[in-house]
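A.B. asks: Each chain is listed here by its residues.
There are 2 protein chains.
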Amino acid sequence: MTNKLKGSFTLPGESGYEDLTLKMAQKWGADVIRDSDGTQLSPEILEAGYDIYSTVCIIRDHNDWIRKHPSNMQQTFLQSMPKIAEGDFLSIHLLDGYFTQQFEVNQSKESVELWQVFDRTTNMEVPKRLWNYEKELDHVVIKTTEPFHEYTVNFLAYRKWEEINMYNHVTNNWTSDHLIPVDPRSDEAQEYLYKWMDNWCKEHPLTNVVRFTSMFYNFVWIWGSDERDRNLYTDWGSYDFTVSPLALEQFKKQYGYELTSEDFINKGSNHPTHMPPTKKLLDYMDFTNQFVVSYGKKLVDLVHSYGKKAYVFYDDSWVGVEPYSKRFEEFGFDGLIKCVFSGYEARLCAGAKADTHELRLHPYLFPTGLGGAPTFSEGGNPARDAAVYWNRVRRALLREPVDRIGLGGYLHLVEDQPEFNDYIEKVADEFRLIKSFHAEGKPYTLPYKVAVLHSWGHLRSWTLSGHFHETYMHDLIHINEALAGLPVDVKFINFDDVINGALDDVDILINAGRAGDAWSGGDNWEDDRVISLIFRWAGEGGILIGVNEPSALNGYKNFLRLAPVLGIDIDRGSKVCHGRWQFTVETVDGLIPEGAGVKGKDHVFITDGKAHILAEEGGLPTISIHDFGKGKGIYLSSFQVNNENTRLLLNLMLYAKGDLGKALYLTDTADTECAYYPNAKRLVVMNETDRDAETSIKTSDGDIHVALKPFETQIHELS
Amino acid sequence: MTNKLKGSFTLPGESGYEDLTLKMAQKWGADVIRDSDGTQLSPEILEAGYDIYSTVCIIRDHNDWIRKHPSNMQQTFLQSMPKIAEGDFLSIHLLDGYFTQQFEVNQSKESVELWQVFDRTTNMEVPKRLWNYEKELDHVVIKTTEPFHEYTVNFLAYRKWEEINMYNHVTNNWTSDHLIPVDPRSDEAQEYLYKWMDNWCKEHPLTNVVRFTSMFYNFVWIWGSDERDRNLYTDWGSYDFTVSPLALEQFKKQYGYELTSEDFINKGSNHPTHMPPTKKLLDYMDFTNQFVVSYGKKLVDLVHSYGKKAYVFYDDSWVGVEPYSKRFEEFGFDGLIKCVFSGYEARLCAGAKADTHELRLHPYLFPTGLGGAPTFSEGGNPARDAAVYWNRVRRALLREPVDRIGLGGYLHLVEDQPEFNDYIEKVADEFRLIKSFHAEGKPYTLPYKVAVLHSWGHLRSWTLSGHFHETYMHDLIHINEALAGLPVDVKFINFDDVINGALDDVDILINAGRAGDAWSGGDNWEDDRVISLIFRWAGEGGILIGVNEPSALNGYKNFLRLAPVLGIDIDRGSKVCHGRWQFTVETVDGLIPEGAGVKGKDHVFITDGKAHILAEEGGLPTISIHDFGKGKGIYLSSFQVNNENTRLLLNLMLYAKGDLGKALYLTDTADTECAYYPNAKRLVVMNETDRDAETSIKTSDGDIHVALKPFETQIHELS
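Protein chains in written order, with UniProt numbering: chain W, 1 to 719; chain S, 1 to 719.
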């Protein structure tokens with residue numbers, strides 16, 4: 001191994017533990033010390049010669065001010081719990097079922113004007129003259145109902161408890177004042193927050209980097225009154241928490257049309273990221289993004305004026321920040337920080353346009369980890385946790401560089417964790433070494449340009465909506481996680497992109513989702529230009545990989561609109577009397593790794609009898625490949641990421657391209673992966689299991705045999 | 001047991017086996033002897049004093065005539081296999097992929113006028129001027145195509161091989177002439193067949209009953225060219241095989257609008273019975289039914305004029321006969337014969353309006369049974385088969401009487417089957433005894449009127465479309481089979497019936513199906529009158545049982561339109577970010593029989609937290625009950641019929657009505673059932689397993705304890 005590199009590491013310092021702070025900074029090669037939620041940095045740390053990060057959550061901790069200016073509280077539309085009329089009159093109490101520590105009804109005139117009452121049995125709005133709001137009781141009374149129809153009220157509620165603060169109170173028994181989130185939409189709020197930020201900068205002369213957590217608006221997180229159903233609605237990518245009468249008024253001025261409460265409530269479904277966005281939603285997101293960038297930039301400029309840098313945390317109140325939007329660079333942020341559990345999150349950070357990309361690794365230095373399991377407390381094994389997380393992230397970092405890594409939390413917790421401390425030292429060293437290889441030139445990739453096609457395209461590259469454990473039910477997050485470390489180029493495109501020529505440089509196109517969802521594409525598949533462009537592209541040699549219900553749409557001959565390419569379709573009921581092709585499973589040497597597997601899906605059928613069935617479950621094809629002109633269609637009835645299935649995905653690409661068993665710089669087992677840096681002449685080989693592993697790699701120097709310890713990284717120099 | 005009754009039994013006689021015929025007639029108490037496909041009755045049998053049934057399939061065995069009058073061959077619309085244009089020109093060979101021994105293109109002018117070419121990528125018809133038919137090659141050439149769009153041609157084909165005959169040739173290696181089906185739609189065909197029938201009657205003076213097999217049109221059965229995909233499309237209830245240019249011309253005259261080929265082809269889905277019928281389809285079915293009844297009646301009258309009776313077989317070419325239509329009685333048939341594998345088929349026969357209802361029991365006297373397993377040949381066990389089939393049918397016959405039973409096939413096969421012969425003797429005796437109880441008065445039923453709600457209503461009572469093994473993938477056939485022997489009143493209603501007050505006498509409403517299918521109801525759920533009528537009915541005490549995706553429809557707040565009653569809904573993707581209620585499974589004593597079970601269904605969720613979850617699988621509710629006003633909603637995520645689940649269904653009804661553990665005349669184990677005839681004062685108890693069983697029954701005489709041998713029927717006299 002080369003000489004030890006230093007730097008590129010952010011350490012959470014802790015006052016009262018000055019010696020430990022400086023000792024660990026030395027051991028882990030830190031160049032930056034940060035504070036965390038709940039920790040302070042003492043002068044001894046601040047003045048030790050390290051760069052200093054300080055966290056700022058600009059929209060909370062202003063309770064005195066907001067209590068005097070309550071119309072600046074953040075808001076959201078809510079739908080009352082549904083109620084069925086038994087007669088011709090109905091009274092609905094608005095907040096029934098909601099967590100009243102989080103919400104209160106916005107009773108103002110401009111709020112009530114936005115409310116709507118719906119007969120959900122007919123999908124018709126009840127005219128305003130037929131209902132009224134009884135303020136004292138928080139009741140809406142519908143004066144003329146159809147008996148035995150179901151009614152709901154869309155209303156506007158203030159949010160009186162910032163959700164991250166609320167979560168920590170409820171989950172971790174915090175007891176301080178409930179922090180109220182400020183909406184910076186009004187002039188008075190903007191002036192107040194600007195002054196506050198200015199003052200903060202003055203009071204923190206030793207801070208080099210202000211780390212914003214994040215900007216103004218949290219992802220939506222609506223709580224219920226019942227502990228059996230606390231989480232009513234949450235979506236990391238959704239804009240529900242940005243709304244206010246003022247915002248809607250400004251929207252109308254700018255876009256020339258009005259948004260209604262129902263445009264947000266959408267029959268109670270809201271607009272989760274997992275469903276295809278409507279034109280109105282995209283307009284509203286653009287409108288909000290514009291505001292967040294424009295006011296955000298003022299704050300960033302202010303920070304810069306004090307000679308400090310401004311980084312932004314890519315989580316929590318990140319809504320409207322959109323690091324993959326065209327406006328992101330306008331903020332002027334100096335860095336982007338992402339906390340990562342998974343490889344795709346490392347790619348999400350690495351792929352955004354920013355000067356500095358930094359990863360906050362897991363585990364955080366907390367007694368208890370996410371999901372409630374112990375980390376730095378009795379029963380925890382933080383060194384093993386760190387290895388497992390690093391194992392997920394490492395393969396992504398080999399494909400696309402980031403600039404820095406770091407930790408968060410309470411440093412004192414590592415005092416008696418020598419194994420953890422040694423492991424982090426190793427991780428930091430590995431990270432810096434890999435970074436140095438990237439600095440010399442890109443790693444070798446197969447000559448495959450992979451495009452993932454879904455409704456959001458580039459804007460939702462890599463992530464679906466938040467962390468893996470929040471979106472595991474979608475095949476695409478599994479695909480993305482597999483792709484994050486594969487030696488292929490990846491881009492994310494939407495349906496407009498297809499029409500605008502995005503397939504021109506694409507070798508492999510992936511569409512993976514459930515019928516009607518954002519990932520499959522829903523109504524976007526109505527556009528016959530998209531269909532025929534993909535037919536043409538596949539006919540000319542493109543490889544389509546469809547997972548679960550790709551290109552699914554009702555109303556056409558093929559439920560999977562791309563069925564002619566795949567040779568596979570799915571019966572929605574109307575084909576139940578149509579016979580099914582008999583088939584035998586074909587075996588291709590070296591294609592399906594031992595332990596790989598795809599879950600079967602009901603109602604899948606073979607269309608023209610020409611698909612080669614590579615695997616089946618219960619008589620249903622699960623993996624198939626079908627010729628289409630010079631190209632191919634590959635169908636997978638589902639996809640679950642693990643080492644074996646990740647290799648399966650790669651092997652299917654190699655097989656379809658005629659490269660299976662021939663390509664260089666690939667390990668020959670699913671439990672190991674490698675990356676080759678031609679300029680640095682270094683081959684990095686990883687064991688991705690907690691067992692010993694051996695593998696061989698075809699290189700231009702001939703085959704290289706490697707034996708690896710659990711999770712080990714080895715670096716070999718090639719000639 | 002009382003004195004042995006005789007009669008009500010139809011025996012298949014066989015010439016050459018006169019002694020056997022008369023011996024078995026005696027043993028089984030037959031009063032009728034019949035011929036079968038492939039058997040003759042000799043004078044010795046014909047003149048032995050028994051009534052004689054003769055089978056007539058009126059539309060086949062006229063090859064000489066049809067070859068001289070080929071335009072009277074039966075026809076069907078077919079869709080060419082799809083093809084993708086690569087340039088601006090496409091040639092499609094029509095019969096590619098079809099079994100050319102079954103089909104030939106109808107090349108006549110009036111046929112080609114009905115053809116349509118579709119761009120299936122856009123769903124648009126290609127104008128007729130842009131394509132032409134090249135007769136010599138059976139090609140349609142599309143002169144102007146959009147590159148990389150998919151095209152199909154709807155065309156009309158003659159059917160040159162009657163499908164039942166074709167099946168027996170191909171499956172059982174028959175080698176005789178291929179019988180060509182005659183379409184009696186034209187005047188010349190009607191005249192010819194009428195004369196033929198007249199002549200037949202003259203030539204068969206000893207025949208008492210002409211058994212029609214059945215009328216004119218077989219259910220659709222389209223074969224493919226490839227043995228791996230022989231069965232392209234089949235549906236026992238579908239009208240595809242009734243079409244012809246003449247029929248469509250007559251339809252237009254009568255209904256004032258034109259049907260196109262696409263009205264039949266429907267993007268290649270056709271119109272399986274399992275999908276909700278369109279208005280056009282219902283019109284066309286009505287039109288065909290009218291013709292079949294009117295010409296059928298002429299033939300029946302002719303038969304009657306010879307002093308013979310006319311029975312109709314409720315299978316094979318039964319299409320257009322529709323024993324549950326309002327016109328059925330107009331035929332003047334004297335009897336209806338149904339072959340039965342299952343209890344619901346016995347109810348299907350029993351429930352139709354006819355003077356005589358007769359069941360053809362299984363196994364048929366054939367060497368090989370349905371599905372290819374041996375029956376009366378090496379390795380077969382016909383006595384056991386008979387017991388299993390009788391076990392299914394018996395419980396239905398206890399609820400609703402039929403008049404006769406009988407067998408079919410080759411009698412010589414029973415020569416060395418004393419066990420089978422004894423068992424049939426027992427069955428015949430049991431049947432006659434049960435029939436005698438019915439004659440004294442109806443069996444006791446619980447005071448529950450059950451209505452099954454689906455798109456077809458009464459017209460498709462009991463059966464979905466054919467036998468159980470053809471429709472096992474639908475929950476409803478399992479429900480129907482369970483209901484067939486339960487002590488409740490059952491009716492089948494459609495959505496118009498609901499609007500017209502059909503719920504007024506209903507205690508329990510069942511809706512069981514997959515989203516969009518005929519059994520769930522599809523677009524019928526758009527009608528808010530239906531929704532609010534069911535809400536009202538349930539609110540006033542009705543018990544709704546929803547299975548799988550009951551009342552499912554996109555576009556509304558609730559995907560299951562009746563979710564407010566059920567307290568359960570299903571997420572189609574838009575609720576994936578909405579939290580799920582935590583629940584614990586509640587146990588109700590005696591409700592769920594040991595061994596009962598319901599398969600879990602993805603995406604099921606609890607709506608208002610008030611549903612009582614009675615069973616779950618993988619964290620998803622599978623059985624739940626929810627209060628709604630004075631009524632209840634019961635949800636089952638699936639239903640598979642067996643003894644335990646049949647009892648589960650009954651128990652859920654009893655529980656919802658407050659009668660669980662209290663009702664009289666029910667066995668206390670799932671493996672046994674009973675029926676009580678108050679007028680006859682007889683309690684019939686059945687063991688429905690192949691093991692010994694014991695059970696207790698609460699009666700007005702107190703508890704009765706019974707021990708039963710495998711499949712045994714016991715009859716107890718009550719005071």
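These are computed hints drawn from the structure, not numbers from a lab.
Check the hints yourself; a few may be wrong.
To be verified - Subject to a maximum C-alpha distance of 25 angstroms in a straight line, what follows is the list of computed DSS-like cross-link-like pairs (lysine-lysine):
no., chain 1, residue 1, chain 2, residue 2
1, S, Lys83, W, Lys267
2, W, Lys23, W, Lys6
3, W, Lys280, W, Lys326
4, W, Lys128, W, Lys252
5, W, Lys449, W, Lys195
6, W, Lys449, W, Lys662
7, W, Lys630, S, Lys435
8, S, Lys610, W, Lys610
9, S, Lys599, W, Lys599
10, W, Lys601, S, Lys601
11, W, Lys599, S, Lys442
12, W, Lys160, W, Lys143
13, W, Lys601, S, Lys630
14, S, Lys195, S, Lys298
15, S, Lys442, S, Lys27
16, W, Lys280, W, Lys4
17, W, Lys128, W, Lys27
18, S, Lys353, S, Lys27
19, W, Lys83, W, Lys449
20, S, Lys202, S, Lys309
21, W, Lys709, W, Lys435
22, S, Lys449, S, Lys202
23, S, Lys267, S, Lys353
24, S, Lys698, W, Lys83
25, W, Lys253, W, Lys195
26, S, Lys267, W, Lys601
27, S, Lys630, S, Lys599
28, W, Lys83, S, Lys630
29, W, Lys309, W, Lys442
30, W, Lys68, W, Lys267
31, W, Lys630, W, Lys610
32, W, Lys442, W, Lys202
33, S, Lys353, W, Lys267
34, W, Lys657, W, Lys491
35, S, Lys83, W, Lys610
36, W, Lys681, W, Lys442
Claimed, not checked - Examples of chain W residues toward chain S, derived with CB under 10 angstroms:
no., residue
37, Ile84
38, Glu125
39, Arg129
40, Glu150
A quick note: this is a predicted structure, and the numbers were derived from the prediction, not measured.
Using N, Cα and C, we set each Cβ at its ideal position, and we do this for glycine too.
A.B. asks: Give a verdict on every hint.
C.D. replies: For each hint, the structure was consulted:
Proposed proximity of Lys83 (chain S) and Lys267 (chain W) is contradicted: the alpha carbons are some 41 angstroms apart, above 25 angstroms. Between Lys23 (chain W) and Lys6 (chain W) the alpha-carbon distance is near 14 angstroms, which keeps this suggested pair within the 25 angstroms criterion. For the proposed pair Lys280 (chain W) and Lys326 (chain W), the alpha carbon gap of about 19 angstroms is at most 25 angstroms, so the pair holds. Distance hint between Lys128 (chain W) and Lys252 (chain W) is fulfilled; the C-alpha atoms sit about 21 angstroms from each other, no more than 25 angstroms.
A C-alpha spacing of about 48 angstroms is found between Lys449 (chain W) and Lys195 (chain W), which places the hinted pair above 25 angstroms, so the restraint is violated. Proposed proximity of Lys449 (chain W) and Lys662 (chain W) is supported: the alpha carbons are some 18 angstroms apart, at most 25 angstroms. The suggested pairing of Lys630 (chain W) with Lys435 (chain S) is violated, with an alpha-carbon distance near 69 angstroms, which exceeds 25 angstroms. For the suggested pair Lys610 (chain S) and Lys610 (chain W), the alpha carbons sit about 50 angstroms apart, so the restraint of at most 25 angstroms is broken.
Pair hint Lys599 (chain S) plus Lys599 (chain W) holds up; C-alpha atoms about 17 angstroms apart against a cutoff of 25 angstroms. This hinted pair checks out: Lys601 (chain W) and Lys601 (chain S) have alpha carbons roughly 13 angstroms apart, not beyond 25 angstroms. In summary, the hint linking Lys599 (chain W) to Lys442 (chain S) is not supported, as the alpha carbons are separated by about 51 angstroms, beyond the 25 angstroms threshold. Straight-line distance between C-alpha atoms of Lys160 (chain W) and Lys143 (chain W) comes to about 31 angstroms, which puts the hinted pair past the 25 angstroms bound.
A threshold of 25 angstroms between alpha carbons decides the hint, and for Lys601 (chain W) with Lys630 (chain S) the separation of about 40 angstroms lies outside it, so the pair is violated. Of the supplied pair hints, the one linking Lys195 (chain S) and Lys298 (chain S) holds, its CA atoms being roughly 11 angstroms apart against a limit of 25 angstroms. For the given pair, Lys442 (chain S) sits about 29 angstroms from Lys27 (chain S) by alpha-carbon distance, which is inconsistent with the 25 angstroms threshold. Between Lys280 (chain W) and Lys4 (chain W) the alpha-carbon distance is near 53 angstroms, which puts this suggested pair outside the 25 angstroms criterion.
For a cut-off of 25 angstroms, the pair hint linking Lys128 (chain W) to Lys27 (chain W) is broken: about 67 angstroms separates their Cα positions. Distance check on the hinted pair: Lys353 (chain S) and Lys27 (chain S) sit about 31 angstroms apart at the alpha-carbon level, beyond 25 angstroms; violated. With a CA separation close to 52 angstroms, the supplied pair Lys83 (chain W) and Lys449 (chain W) exceeds the 25 angstroms bound. A threshold of 25 angstroms between alpha carbons decides the hint, and for Lys202 (chain S) with Lys309 (chain S) the separation of about 14 angstroms falls inside it, so the pair holds.
Among the hinted pairs, Lys709 (chain W) with Lys435 (chain W) is consistent with the structure: their alpha-carbon atoms are about 23 angstroms apart, no more than 25 angstroms. Simply put, Lys449 (chain S) and Lys202 (chain S) have alpha-carbon atoms about 49 angstroms apart, too far for the 25 angstroms limit, and the pair is violated. Between Lys267 (chain S) and Lys353 (chain S) the alpha-carbon distance is near 37 angstroms, which puts this suggested pair outside the 25 angstroms criterion. For the suggested pair Lys698 (chain S) and Lys83 (chain W), the alpha carbons sit about 43 angstroms apart, so the restraint of at most 25 angstroms is broken.
At roughly 28 angstroms between alpha-carbon atoms, Lys253 (chain W) and Lys195 (chain W) are farther apart than 25 angstroms, so this suggested pair is violated. Under the criterion of a C-alpha separation no larger than 25 angstroms, the hint pairing Lys267 (chain S) with Lys601 (chain W) is consistent with the structure, at around 23 angstroms. At most 25 angstroms may separate the alpha-carbon atoms for a hinted pair to count; Lys630 (chain S) and Lys599 (chain S) exceed this at roughly 29 angstroms. Proximity of Lys83 (chain W) to Lys630 (chain S) is assessed by CA-CA distance (about 16 angstroms); at most 25 angstroms being required, the pair is judged to hold.
Between Lys309 (chain W) and Lys442 (chain W) the CA atoms are separated by roughly 28 angstroms; this puts the pair beyond 25 angstroms, and the hint is violated. About 35 angstroms separates the Cα atoms of Lys68 (chain W) and Lys267 (chain W), which puts this hinted pair outside 25 angstroms; it is violated. As the CA atoms of Lys630 (chain W) and Lys610 (chain W) are separated by approximately 15 angstroms, the hinted pair is consistent with the 25 angstroms bound. Of the pairs offered as hints, the one joining Lys442 (chain W) and Lys202 (chain W) is violated, with about 42 angstroms between alpha carbons and a cut-off of 25 angstroms exceeded.
With a CA separation close to 47 angstroms, the supplied pair Lys353 (chain S) and Lys267 (chain W) exceeds the 25 angstroms bound. As the CA atoms of Lys657 (chain W) and Lys491 (chain W) are separated by approximately 19 angstroms, the hinted pair is consistent with the 25 angstroms bound. With a C-alpha separation of about 14 angstroms, the suggested pair Lys83 (chain S) and Lys610 (chain W) falls inside the 25 angstroms cut-off, and the hint holds. Proposed proximity of Lys681 (chain W) and Lys442 (chain W) is supported: the alpha carbons are some 11 angstroms apart, at most 25 angstroms.
Residue-level restraint check for Ile84 (chain W) holds (minimum Cβ-Cβ distance to chain S is 6 angstroms; threshold 10 angstroms). With 10 angstroms as the threshold, the beta carbon of Glu125 (chain W) stays out of range of chain S, its nearest partner Cβ sitting at about 13 angstroms, so the hint is violated. About 22 angstroms separates the beta-carbon of Arg129 (chain W) from the nearest beta-carbon of chain S, more than 10 angstroms, and the hint is not met. For the restraint placing Glu150 (chain W) at the interface with chain S, the shortest Cβ-Cβ distance is roughly 6 angstroms, inside the 10 angstroms limit, so the hint holds.
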